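Residue numbers (our numbering), protein chains in the order written: chain A, 1 to 153; chain B, 1001 to 1056; chain C, 2001 to 2245.
What the hints contain is simulated information worked out from the structure, not anything from laboratory work.
No experiment lies behind these values; they were computed from the predicted model shown.
Among the clues, some could well be false.
To be verified - Here are the simulated SDA-like pairs of lysine to any residue, each with C-alpha atoms no more than 25 angstroms apart in a straight line:
hint: 1; chain 1: C; residue 1: K2087; chain 2: C; residue 2: P2012
hint: 2; chain 1: C; residue 1: K2116; chain 2: A; residue 2: K84
hint: 3; chain 1: C; residue 1: K2116; chain 2: B; residue 2: L1049
hint: 4; chain 1: A; residue 1: K84; chain 2: C; residue 2: V2177
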Amino acid sequence: MTMTPRRRRMVLVGLILLGVSGAAAFALTAFQDNLLYYYPPSDIAAGKAPADRVFRLGGMVEEGSVKRDTGSMEVRFVVTDYQKDVTVSYSGVLPDLFRDGQGVIARGQLRADGVFVAHEVLAKHDENYMPPQVAESLRKQHQQKAPAATPST
Amino acid sequence: MSLREFIAMGPYGGYIWGCYGVTVAMLIFSAWSARRSLREQIGAARRRLEMQKEGP
Amino acid sequence: MWLWFHKLSSPPYAYRMATLLRPWFFWTALALIVFAAYGGLVLAPPDYQQKDAFRIIYVHAPAAIMSLQVYVVMAIAAAVGVIWRIKLAHAVAAACAPVGAAFTVVALATGSIYGKPMWGTWWEWDPRITSELIQLFLYLGYMALRASFDDTQRADRASAILAIVGVVNVPIVKYSVVWWNSLHQAPTISKIGKPSIELSMAWPLYTMLLGFMLYFAAVLCDRVRSEILRRERNANWLVETVKTS
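For reference, chain A alone in the conformation it holds in the complex (with noise of 0.2 angstroms):
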C-alpha cells in the first residue's frame, strides 16, 4: 500500500494528537497518583500515605534538628508541619538552600520503624524575594516583639 501525501498528512496529524492527549493523560494520572505531590507529618502520622511504595514527604526541617554523621554522608534530620514531626535520614548531596526552617520535599519510602528514608532531597522555597539587609531587619523587628509583649514598668 502506498502512502498517498493526503495519507501521509493524515497519520502525521493523528500521532501529533496522540502525542498531545498521552502527554496530557500522562500527566494527569501522574497527579492522580500521587494526588498531593507530597504527603505533610501529619498524613503519615494519620496513617495515610503508603507504607509500601515510594512519595513524598514534605514540610519545613525543624531548627536545630539537623545531624551530620561525621565519617559518613549520612544526615539525619526532623520534619514537622507544626503538627506532627517524622525522621528522615538521607545520604547525599542536599541542595544549596537545605537548612534549618527550610521547607523541603523528600523521596522515599517510610520504614518500619517510621524513620523516612530519603533518595532525594529538594528544598522548596518561598514567593519572598528581599535584600539580606531587610531580612535581617524583620528578623530584628521580629525578636524585639517578642520582649515587648510581656509589659515591662
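For chain A, the structure is supplied; the task is to place chains B and C on it using the hints.
Structure of chains B and C alone, referenced to chain A:
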C-alpha cells in the same frame, strides 16, 4: 565589586549566565527567523508579479 | 467602532501598520530588555536566601508569563477568525505560535537551570512544570497541525479549534501552584496585598516583562506581514507594496 566577582556570581555564575544565554539566543533566533520568512515571502511575491508581467 | 474594526481587519491597512510600527516596538523592546538585564544583574541586591541565583528570575518569570499571554492572544485571534470569518485574525493566530513556543522553551530551560542549584533537581514532575510542558506541546501541536494542511482556509479552521481547546491549559499552568501543593512556589508578582518582592528587586522584573511584550509585538508585525503576503497572493494592492519595500 571586581569584574571577576561579577562574572562568578558567587557559585552561581554558570547557572545565571546559562539562563541569560539561552534567553538571548532564543530572542535573536525568533526575531531572525521571522525576518527571514518575511524576506522570503516578499521575494516570492516579487517573482510572481514579474512572471505575471511577462505572461499573457 | 465597527468602521475601525473593518479598517483594521483589511489586509492592506494591517500590512502598512505592521510595517510602520515594527521598528518602534523593536527598538523600544531592545532598550527595555537591556536596561532590565542591567538592573537585574547589576543594580538589584542579591536575595537574602537565594543570593545571586535569584537573578535568573528576571528572564525566567517574564518568559513564563509571556508563554501564557501569547497563547491567550492566539486563542482570541483564532476565535475571532472563526466567529467573524476574518482572515486577518487567523493570520495573527498563526503568527503568534512560533513566538509563544520560543517563550515557553525559554521558561522551561531557564526553570530547569534555576531548579538545579536551588531545589536540587533539573526536572521534577511537579504540577507547574508538567503543565508548562503541555503548554509547549500545545504550541508545537498547533504549528504541526497548520503545516499538515495545504489549504490555508482549512488549516485556519482546524488549528483554530486546537487553539481554542488548548486555552484550558492556561489557567491550569497559572493556578497549578495554588491548586496542588507543588515544589514550585506560589506567584510573586500577581499576589494581592503585601508585596512579596522589594521594589529594588521588582522594577527590573516589570521592565523585562514590558520589554518582552514589545518584542512580541515587533516579531508579530513581521510574522503577520509574511502571513498576509502568503494569503493575498494575487491581490492588486500587493503590486505597489512589494515594489516599494
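Quick rundown of the hints versus the structure:
1. Of the supplied pair hints, the one linking C:K2087 and C:P2012 holds, its CA atoms being roughly 12 angstroms apart against a limit of 25 angstroms.
2. Restraint check: the Cα-Cα separation between C:K2116 and A:K84 comes to about 29 angstroms, which exceeds 25 angstroms; the hinted pair is violated.
3. Annotation: proposed proximity of C:K2116 to B:L1049 is violated, straight-line Cα distance about 55 angstroms (limit 25 angstroms).
4. Under the criterion of a C-alpha separation no larger than 25 angstroms, the hint pairing A:K84 with C:V2177 is consistent with the structure, at around 24 angstroms.
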